[in-house]
Every structure is written in C-alpha cells, then in structure tokens.
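Sequence lines, in order, name chains L and D.
Residues 1 to 423, numbered by this note's numbering, are exactly what the first sequence covers, in order.
Residues 1 to 250, numbered by this note's numbering, are exactly what the second sequence covers, in order.
Among the hints, a few may not be true.
Computed footprint of chain L on chain D, listed as stretches where at least three residues anywhere in the stretch have a Cβ under 8 angstroms from a Cβ of chain L [said to hold, decoys possible]: (1) 15–23; (2) 61–73; (3) 76–83; (4) 98–109; (5) 222–234.
Going by beta-carbon spacing under 10 angstroms, a handful of chain D positions derived as facing chain L [to be verified]: (6) Leu-138; (7) Tyr-141; (8) Gln-158; (9) Leu-162.
Hints are computed from structural coordinates only; laboratory data are not their basis.
We put the CB at the ideal spot given by N, CA and C, even for glycine.
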Amino acid sequence: MSSTLTTNKVEEFVSHIAENNLAVWNELPNIRKSGVEALKNLSFPNTKDEYWKYSRTTKITKNQYKFDQIDSANINLDEVRVAGLDTYEIVMVNGFLNTELSNLPKNDSITIKSFEECTTEELTTYFSQNLDTITNFFSALNTAYFSEGIMVIAKGVCDKPVHLIHYSEGESVISQPRNIFVTEKNSELSIIKSSINKNTNNYFYNSVNEFFIGENSHINYYVIQNYEEGMNVMSTNVATQENNSTFSAFNYTLKGDWIRNNTNVFVKGEHCESNLYGAYQPTGKEHIDNHTIMDHIMPNCESNEHYKGTVGDKATGVFNGKVFVRKDAQKINAFQSNNNILLSDDATMNSKPELEIYADDVKCSHGSTSGQLDEEAVFYLQSRGLSKESATALLISAFLGEVVEKIKIPELKEKVLEIYGME
Amino acid sequence: MISIKNLHASIDGKEILKGINLDVKAGEVHAIMGPNGSGKSTLSAVLAGNEDYEITDGSVDFMGEDLLEFSTEERSRMGIFLAFQYPIEIPGVSNMNFLRTAINETRESKGEDPIAAKEFLAKVKEKSALVELDNSLLKRYVNEGFSGGEKKRNEIFQMAMLEPKLAILDETDSGLDIDALKIVSHGVNTLKTKDNATVVITHYQRLLDHIVPDFVHVLYKGKIVKSGGKELALELEEKGYDWIKEEINA
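Looking at chain L on its own, in the form it has when it is part of the complex (with noise of 0.2 angstroms):
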C-alpha cells in the first residue's frame, strides 16, 4: 500500500520534470534512458535508509520544479573570480552552458566541448560509465533528465585552470548539469567550482560531476560553495583513477541552506594518492552534509581524507565517510578524520567514520572528535585584550585554516582564505 502511494509520488516528482524537452545528441538517448529505467524502480531517499538516515529530503521531494534557460547576458561573476588568476571560465545558468559568457579552448593540452560538440564515442566512452551514478536516486534522476553539460579532456599539463561557475536564479527551479572530465595519460588539470544565486527560492540544484583520472594524470577540484538563501544543492562527484594517479578533492561551504555532497572515490589502479579535503560551518538552520566513500580496490596506494567543521546555532553537520579496502588492496595507508566544534547548545553533529578492511597488510586509521571551543584559549585571547567574539573567530579560523591552507594554487587560497576573514 505504503509503496504503491511511494511510487506513484516518484513518478509525479518526475513527471514534471520529464515535461521539458532536453536537449537529445547523438547516443545520449540511450544514455538517458538509463536513467529513465532506474528511477522507475527507484524511491525517494528515506531517513530509514543509512546513507540517508541523517539527511531529509522532503522538503525537495515535495516540490515540482521546472527547467528555466534564463536570459544571461547581464550576468556579473566578478564575485566569485580569482584575482591574478587566469582561467578558463565556463558559465552555466540555471544548469545551461552558456557559449557566449564561456571559453571552450581546443588545444594541445586541453579541449572543453559541449555535449552538443562530443562525438558519439566520447559520448559512450565516459559518460556515466563510473558506478553508481544511477544507484540512488538524484543521480539518477540527474542521469535521465540533464539539462546539458560539457566535457573537458585534459592531454598534457593545462596552462590554466577550469573555472566552471554555476549561476542560479528563480524560483521553484531545477538545475541538472552534468559534467566530465577526463585527463589523458601524463596530464595535469586543476578545477575550480564556483556558484553564484541570485533571487533563488526553493530552488533544486542537482549536479554530477564524473572524472576519468587516466595513467600517471592528476586532478586538483576545489569547490567552494557560499549561497544565499533559498538553495538546495545535491551534488555528486564520482571519480576513477588509473595507475600513478592522483585526484585531490578540496571542498570549502560556507554557506546554503540544505546542502548534500557525496564524492566518492574508486582507485582502480596502482600507486595512486588520494586527497579529500572539506571545511564546513553550518549556521542557523542550514544542514550541511558530506558523504564520501574511498574506495581501494587494488594495491599499493595511499589516501588522506581530512574535514573539519564547526557547527552553530540550530544547524546540523553530517560527515559519513567510508573507505573500503577490498581483498586484493595490499599494501594501502588510508587515513581519515572528522573533527568538529559545536557552537550552541541547539547544534548538531552526526559523524560517522566507516572502515571496511577486507585485505591483510594495510596501514589505516579513522577517527573522529566534536567538542567545544577551548574555553581555556578563549580566556588567555580575552586576557591580552581580545573581545570574545574576536578569540572565538580567531579560534576558529585557526580550527578551520587547516584544510584551507591545502588549497595548492596561490591565489586561490588568498580568495578563499578571504572569504573565510582569515587573511
């Protein structure tokens, strides 16, 4: 009974949003059409369900949306761009590439393409071809009904970082991009993601983001997510590394009012490293979630996984990290921790450090801590004139400046370190 009545809201839910004619390009019909199948024996993530037990969705699920390709051409992004720092910027609104605000360069070390401009075997070749992109439920959804995406394929050292800025606007509006990059072997390419809202109310931001780490090629992400109101965002980042590889994942959100990032991580080759990196300080009521899993499925590799957070007034932070290191994974050092400081009384963290070892000669540890401000720090500040509310910023930027100072490119950390009032 219960089901059928679940059902039946699924396929409404999506009913609204299958109404929009997307966009279709050469295999992506078929593409698409897996997630079209999947969500039909897919439900709305419960709170019964573990990866979802600390995170309610129903105040998304409740909603119908509609796809809005806006006007953009007065657009202004220079909030979130980074002084000193030349990029290759590309311009999404409302979850559509915007061609003329964007630069899509060809050349011997990267190309960025629009699906539009992809052909049907770079198509087929990545796209949705990293597991569980259509085995729960926003990834899916994301996988059926996309608004449009771009591919970026990295061949040598890129001479500039990817700038992919996200512009969202309206109300009762989704946004559905989805972007690949890839780095062929021997390549190096950084990523910055950026966002910006405007005028947003109950507004349904659901990305994916895949990333095909090839032989001996790195990748730095950086996501730095500052809302307004009036956003949710679900995004999901899946990442698979060959042989010698590197993928570093450095996520900074300061501000949202329900956020959800899963970022998961399959090694599937040898001698590669690991990075995941995430600061975040939920205020108010805003619930700010990071999900990620590390997966080591084969030897000789190495992770660091690393978030902190504060967390204040009634807000709620939620951390569940998973690292699995599968049978024939010898020889892997994975590291976790989860440090949090709650600020109130009303603050709420759920952490969840996950070990699943199933190989023999590892080197891994987890762990996580949510404490209080050091009140006896606070005391000597205030004792050398510091009012309490300075110590206690202090203290914090202090707390949280760990996992800012990763970020590898300079004058990105001075903006982040910025925006944070760290200087």
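Following the hints, put chain D in place on chain L, whose structure we already have.
What follows is chain D alone, placed relative to chain L:
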C-alpha cells in the same frame, strides 16, 4: 594603583580566597609567596577576570575603577596583564597575528587608529630582543611546540608589547632553568618604570634574587598572613613554610 579589600572567591562552591587585603602602588614590586594550594593562582585568575571563579565578597579598586565590574578583555585594555603559569597553546593562530589583533583591539577601544605595520614590526623586533625570543618563534603558532622556557619568554614578550600598568606574573619561574630565569627577570626589570607595578607570584625565593621585591606577602589558606620586606623571602627560603603554618594554627 590597585587596592584589594576583603576579597573572597570560590570555585564549584569551595571557598579559596578568604579575605585578601592588598595595596600596590605605582613603581612597586610585590611578591606573593605561599605553599601549594594557598590560593596564589586563584588570586591571579580572579584579578584577570576568569569566570570560573565566583566572587562572594570584597572589592578591587584599580586606578579608581571597580575592577570586578569589567570583563577579562576590558581589564586587559585598562592595563592588567597576567603572565600565565601554563601558557596556552593555540594551533593555527600565529604569534604575530595574535599580537597585532590584541594591540589593535586595545587601541580601538581607546578610539585610536590601528598600529602601522612598520611601527608594529619595529616594536616586535625591539621587544623580542629583550627576552631573546627567536624570530622564527614569532611566526609560529602561539606557544605550539615551544619549550617551557620559550613559553615563559613569550609571556614576557607579550607583556612588553602590551605595556601594562599592572603585571601579575603567576609562577613565571616554574620550569625555567637558571639562564632562562635570568633572561625573563632581565625582561621584567627592564620594563619596570615608576608608573607601573608588578606582582610576582612564586613558590620559591630564587626568582626574587633577580626580580627584587619591595614587599613580600605570605598567602596561606586564602589569606595574607604575613607581610614584610625582601628579607621575609630569605627567611622563608631558609626555614620553609612550616613555621608560618605553626604560627597561624597556634
């Protein structure tokens, strides 16, 4: 400068200070000695405004103001400095950033402009030399990984930067070898003027060979039970605290 009258303070319902009376004038150095658990550190914490302690009776007048009415940071800005017995390590906050913020918030509270970068650096250079604090330590995080001696020298360096009216040195000699003790004492003595005052809290006499007090007070069971000149410290060193305890308990 400071006048403490019948000060009572307790923590978790337990009374530690049981009626302290003490007057310190500008230009003076006072030493407060006493056995462990007599209330020495409580007195310094209470004067600095540590909210863990509850003041149950008495008053403290600091330069005409009712000190107990002010918050910790306001007391600092008024000119009270506490050198901690155990300086706190603050990972992630650089010494320089911390000091600049401290100086600028103090200046701002007085309606003054922030310190110019050049002036700040010149002052840092001068004052760190005073306590022979290595420049590499200044760039590091506050007290993190500092040796015991470096932490204490950092306290006196901060004192030199903030130029307080009343400095309270809480067991500054603990954990110091003789060379560090001399450096710290030299710093404190150099900073002494006719307009400021120093209260030295110590368990042992040896610090007082270097920072010579005008007055010595013995604190026992939360009260000052004996006061005298610097010779009292020598007597304590020679005879220990037992004769005082016997005198009081008799």
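Problem - Indices of hints not satisfied (ascending) - result: Hints 1, 5 and 6 are the ones this structure does not satisfy, whereas the remaining hints hold.
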